[in-house]
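If you read the sequences in order, they're chains P and E. Residue numbers for the first sequence follow this note's numbering, so the first one is 1 and each next one is one higher. Residue numbers for the second sequence follow this note's numbering, so the first one is 1 and each next one is one higher.
Treat each hint with caution, since some may be false.
Unchecked claim - Derived pair list, reagent style DSS-like, types lysine-lysine, alpha-carbon separation capped at 25 Å:
| # | chain 1 | residue 1 | chain 2 | residue 2 |
| --- | --- | --- | --- | --- |
| 1 | P | K42 | E | K71 |
| 2 | E | K61 | P | K57 |
| 3 | P | K57 | P | K83 |
Said to hold, decoys possible - Distance ranges between label pairs, derived from CB positions:
| # | chain 1 | residue 1 | chain 2 | residue 2 | range |
| --- | --- | --- | --- | --- | --- |
| 4 | E | K71 | P | R80 | 42 to 52 Å |
| 5 | E | A17 | P | R22 | 34 to 44 Å |
| 6 | E | G29 | P | S58 | 14 to 24 Å |
| 7 | E | A16 | P | S66 | 43 to 53 Å |
| 8 | E | G29 | P | V12 | 23 to 33 Å |
| 9 | P | G16 | E | L56 | 19 to 29 Å |
Treat the hints as calculated values from the structure; they're not laboratory data. In this text the structure is predicted, and so the values were computed from the model without any measurement. Every residue, glycine too, gets a C-beta built ideally from N, C-alpha and C.
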Amino acid sequence: EPEVTQTPSHQVTQMGQEVILRCVPISNHLYFYWYRQILGQKVEFLVSFYNNEISEKSEIFDDQFSVERPDGSNFTLKIRSTKLEDSAMYFCASSAGLAGGTDTQYFGPGTRLTVL
Amino acid sequence: AQSVSQHNHHVILSEAASLELGCNYSYGGTVNLFWYVQYPGQHLQLLLKYFSGDPLVKGIKGFEAEFIKSKFSFNLRKPSVQWSDTAEYFCAVNPYSSASKIIFGSGTRLSIRP
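Modelling step: build the complete structure from the supplied sequences, incorporating the hints.
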């Protein structure tokens with residue numbers, strides 16, 4: 001069964017550094033998403049992406065964050081200058097974009113980001 | 001604001017016991033409803049989903065959930081749990097007006113005593 005994959009599984013970085021988290025969505029999916037889960041808190045929506053554009057973003061997704069689909073397979077989340085509070089598990093998800101409100105998102109294993 | 005509430009943070013059961021995990025959501029419009037499961041060390045997996053039709057939906061591994069619109073609830077049930085059901089369970093809502101965003105509950109950790 002096809003799966004969403006993410007690399008790396010764990011990233012440690014210094015405050016102020018840029019990080020890029022990578023995701024390979026399921027191959028025939030059209031919609032891509034990033035979520036994050038700070039330790040002990042809920043999974044929170046960050047951004048959705050369709051047709052090479054952001055289709056929706058949350059208030060968390062400020063100018064420090066950006067997303068890109070640099071080629072036909074990867075979907076990346078960049079954090080420009082990391083802060084301590086960016087430490088979290090970041091989940092990528094993808095969906096086929098089915099009509100009629102029946103779309104289902106499939107999640108990757110996550111990247112644990114630790115900002116020191 | 002839209003939100004999802006899961007009433008139990010941690011549930012401990014013995015094998016063969018029956019399970020019911022509560023979930024309520026706050027949203028006035030049409031919603032899609034999901035239960036995701038995260039087994040230890042693994043990623044979020046879809047357990048079951050409700051889009052429309054029969055409010056009692058069956059998922060994988062013997063789980064089912066009932067959508068009660070009047071109560072804004074989508075409780076998860078299993079008649080007889082197994083040790084392998086030990087995991088974290090997340091209720092989630094996708095407001096129909098937002099085709100993309102999923103709103104998650106805080107999760108319920110289920111521990112099964114062998």
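Status of each hint after checking the structure:
1. K42/P - K71/E: With a Cα-Cα distance of about 23 Å, the restraint between K42/P and K71/E holds, given a limit of 25 Å.
2. K61/E - K57/P: Violated: K61/E and K57/P sit about 34 Å apart, past 25 Å.
3. K57/P - K83/P: holds, 19 Å
4. K71/E - R80/P: 42 to 52 Å: holds, 44 Å
5. A17/E - R22/P: 34 to 44 Å: Since A17/E and R22/P have Cβ atoms about 42 Å apart, the given range 34 to 44 Å holds.
6. G29/E - S58/P: 14 to 24 Å: holds, 19 Å
7. A16/E - S66/P: 43 to 53 Å: Roughly 50 Å apart at Cβ, these two residues keep to the hinted range, so it holds.
8. G29/E - V12/P: 23 to 33 Å: violated, 42 Å
9. G16/P - L56/E: 19 to 29 Å: This hint is violated: roughly 52 Å between Cβ atoms.
Comparing the model with each earlier hint shows violations of hints 2, 8, 9; every other hint is respected.
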